[in-house]
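Chemist: Letter by letter, the chains look like this.
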Amino acid sequence: AQSVAQPEDQVNVAEGNPLTVKCTYSVSGNPYLFWYVQYPNRGLQFLLKYITGDNLVKGSYGFEAEFNKSQTSFHLKKPSALVSDSALYFCAVRRNTDKLIFGTGTRLQVFP
Amino acid sequence: DVKVTQSSRYLVKRTGEKVFLECVQDMDHENMFWYRQDPGLGLRLIYFSYDVKMKEKGDIPEGYSVSREKKERFSLILESASTNQTSMYLCASSTQGGNEKLFFGSGTQLSVL
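Here the protein sequences come in this chain order: A and B. Numbering of the first sequence is given in our numbering, commencing with residue 1 and proceeding in unit increments. Numbering of the second sequence is given in our numbering, commencing with residue 1 and proceeding in unit increments.
The hints are simulated quantities; they were obtained by calculation from the structure and are not laboratory data. Hints should not be assumed to be uniformly reliable.
[Stated by the list, open to error] Straight-line alpha carbon distances no greater than 30 Å define the calculated BS3-like cross-link-like pairs of lysine-lysine that follow:
1) B:Lys70 <-> A:Lys22
2) B:Lys57 <-> A:Lys49
3) A:Lys77 <-> B:Lys3
With the hints as extra help, turn the sequences into a complete structure.
Modeler: This is the structure:
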């Protein structure tokens, strides 16, 4: 069955440093992969998606993600972290018939 | 601006009560979803609807039912609430096709005492 795994419960990074939030996937066929962000007391917001094409996908708020087929990974990245990036990040994969299956989430903490 | 509205932000109910969680979207989306969010477990799909009066079970449907009488409204029903249903419930909608993003409501934090 389609699934994603987020191996880190929390990632800590200093403001201005690059950040990476990890995601690995397990799918049959071509994966449709997504990243969402949840700010405190809010619903989830779409960041970016990979359907096909370039392995580097650019999204909202300066985030990007790199699709790596050989490593079955879809890591979220940003060159320079901001304190306002502190939030809960979810990786997701599309299962059949439009359903998204989410990972367990990674809490990103950016320190000033 | 597109919007998914959940009727209550916080809800406190007693064990055994029948609970209705309401969700309305204004984007004319075909698909609507109910997820529950629990720490360490992420989001888990409860039910999914791809058209009016159509529904499909997700990964954890036990103890829940849904109703979709109109395209814009998707209700989650807890027939007899239990303490293990204390959770954050998130509603979402999307167009059909699988390539489109989900739009989420702000969530309902349900506490069952």
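Chemist: Now look at each hint and say whether the structure bears it out.
Modeler: Structure-based check of each hint:
Using a Cα cut-off of 30 Å, the hinted pair B:Lys70 and A:Lys22 is violated, with the two alpha carbons roughly 39 Å apart. Taken as a hint, the B:Lys57 and A:Lys49 pair is honoured in the structure, with Cα atoms around 25 Å apart against an allowance of 30 Å. Only pairs whose Cα atoms come within 30 Å are accepted, and A:Lys77 paired with B:Lys3 is accepted, the gap being roughly 28 Å.
When held up to the earlier numbered hints, the structure conflicts with hint 1 and nothing else.
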